[in-house]
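Start from the sequences and build out the full structure, keeping to the hints where you can.
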Amino acid sequence: MCRGASGAEVPTEYQVKAVFVFNFSRFLEWSPQAFTAPNAPFVIGILGDDPFGARMEEAVRGEQIDQHPMVVRRFRNMGEIDNCQILYIDRSERAQLQQILLAMDHRSTLTVSELDQSSERGVMVQFTTENNRIRLRINVESARAAGLTISSKLLRSAEIVSTRTGN
Amino acid sequence: MATTRIVRQVFGAIPLGRAMGRVVSVIDVAAVALLLLCIGVAPAKAGDMPTISELKRLNLEDLMNLEVTSVARHPEKLIDVPSAIQVITQEEIRRSGATSIPEALRLADNLQVAQKNSHDWAISARGFNTNLGNKLLVMIDGRTVYTPLYSGVFWDMQDYLLGDIDRIEVISGPGGALWGANAVNGVINIITKSARDTQGAFAEVGGGSQPRDFVGGRYGGQVGSETQFRVYGKYFDRGHEVLGNGNLETDSWRQGQAGFRADSEVSVQDKLTVQGDFYQGREDQQSGGTADTSGGNILGRWTRALSDESDLSLQSYFDQTHLSLPVSPLLIGGMQFSPAGTFYDDLTTYDVDFQHRFRLDARNRLIWGAGFRHTHDAGINAPSLGFLPAVLDQNLYSLFLRDEVHLREDLSFALGTKLEHNDYTGFEFEPDARLSWSLNSTQNLWAAVSRAVRTPSRIDHDLSAGTPPYLVVLKGGSDFTSESVIAYELGYRAQLNSRFTTSVSGFYNEYNDVRSTSFTPATILPLYFANNLQGDTYGLEFSGNYQSTGAWSLHAGYTLLREHLRVKPGQFDLSNGINETADPKHQFSIRYSLNLPGHVELDSGLRWVDSLLTNNGPTAGTVPAYFELNTRLAWHASERLELSLVGQNLLHNHHAEYGFPDPTRVEIQRSLYGRLAWRY
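Chains as they are written, first to last, in our numbering: chain H, 1 to 167; chain L, 1001 to 1680.
Because the hints were derived from the structure by calculation, they are not lab data. Be a bit skeptical, because a hint or two may be false.
[As the list claims (entries may be wrong)] Covered by chain L, according to a simulated footprint, are these stretches of chain H (three or more residues, beta-carbon under 8 Å):
{"id": "1", "stretch": "16 to 26"}
{"id": "2", "stretch": "132 to 141"}
{"id": "3", "stretch": "151 to 163"}
Here the structure is a predicted model, which is why all the values come from computation and not from measurement. Built from N, CA and C at the ideal position, the CB exists for glycine as well.
Here's what the structure looks like:
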């Protein structure tokens, strides 16, 4: 509210990131097996602290992918992670990143994070910021390993990285 | 005693009781209305962020070209900064209703801010907030603004269009290893927005009881796609304040300022900034007459990014200030020793700084730099006040190196030092060691030990009050050396979740060679400055922030400060060690920001400042403790138009914040102003 408040012309970082996360659902293909039922929801999960506030809900409100209505779920820790199509891993999960990626290994879930070097460690999409602009780094191998196909349109606007071991 | 005084002040200020039997002024009515408003309203529910749906219509390329403000970035970064840093954001400045930089600085819990009269302030961190306070380094966009006359800041000469300030970083504690001499107890960095962030037109106009009227404007445009610029101008007229008995004081102030800034991305790697400002002011003086101030500066900065973790920057500036100050006659016991006159000072500064940051290997990140500053200070002495020599050229050379070592993923250690050479004391060495430990990604513990110095200013070394052939009563000490501090700090900083951030820092400082006043037994006069004091201070700074999802936020801050200055064994100080401090032991503040339905904003800030001892030579007097309240009510009539009403110092008709308790002490009045801001 109070739209006229400072910087009406300039959106905040997490407004834009929420819209990016929403857009990923358009530029990727999930196999029907990724859903428990033909009309099961398309779930965007947020693991750890939530930097988006209400913005993620706003981004997906009223949206659906095929027959799947989009919803947002929040997971306080790894154990709570339910079936989800996109998982945003917050900075607060830095220490557990390796275990999280291990646990997500056999699921058709797009992992997204802004943790430094996270794409090299196996996160599929990493946000970085450059000159106050948001950039994407995409690890194509890990997406492919999870059975996800990323559209070339999205790949063209991203930096492609590959998994580096021993980090 | 202090408590009865507080109770009396708070209850004496309840406007309804006091208004009985006398004419209620418009201001009182408005103040009461504001008070009632801030008590009576409940938090509103967060509304929609309509821009999300607009953002969703953009394609990927457009999204990637969007510039974003990262509200979360500063606090996030702050978590890892191993020093007592607080950041005042543009949003906080705007919502505080501040009309000047000193008023905005009240938002930093780790500063002591006291208004002396309409145009003068005393501002310091961790104590020593005297009339000649000298232990704080202040920079605007990398340009140092303290005066070499007394190593303090003429706050009336530092201004900007407040809406174009990006943020103010306030670091309490020594910053000598990076920033050099004078960063003894703190550093203030005022950072203006890039021209890219101030595109379009902006205009504001307003007035009330204080400031009486003001007007400001800015236009930002671009030349090609890679170069943006802005030009701005402002003018204000501040009325007088009052004496303790309510009589008018002659301290009105008018000032205008204009300036520009251009930022260009010359290439993918290179950025160029050129900016400049010019101002002119007139200040009525308590002692009669009018002081004239004016000045201008131009700064250029080039930065080249070599990689993510490496960059170079080269900055140079030219700065000129002019002051003409009416000086009273020198009277002792009713006898006049020198007549009234005018003191003139024209200071010219040339400065060049170079910095290079890079990663040496997997563990070591280095930053080093070199600087040179030349000052030409040309004074014309008044009979009662002057400097000998009246004209002085000085050179300052500096070099610094800092290595940040990543010991483990959660542990880093930084070691650095500055090496400076100045004309008064030669080489100065200011080392600093900092350890930072991330308990987890949201909590950080840090500890630091540092040494910093305050090199002599012209007042310490060259003062002559009065000037020959008249009687010299007080003069600078030709042997005056640097004051020094060894500071021990410990801090904790946490972003406990996305809503709640907090920081606590504690310090223990050991000072040596602090300024004192001596005399020669055979002649008594002139008195002269020496370095006969030493002592220690300790204290605590707390601040906490709670941000709900958009509708409201709450901020609280508290500062504890204890100071123990004493005369060195076997030595002498005319004022027995009480002349270098004037600080409250405790101060706290609490403020909230509330977004109400219908695009209405409501903000209030309550502050309490403990009593402070203030000195007039060897006798000490007291400024009573006080509560004060500021409130702002604003309505965004449209995307482009903002109307606001601001009440400052609402709890008292007038209250003292500074100065020796005699009939000439100036008090600050309750004030109210309205403002209309328009952007396109």
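Now for the hints, and whether the structure bears them out:
no.: 1; hint: 16 to 26; result: holds (count 6)
no.: 2; hint: 132 to 141; result: holds (count 5)
no.: 3; hint: 151 to 163; result: holds (count 3)
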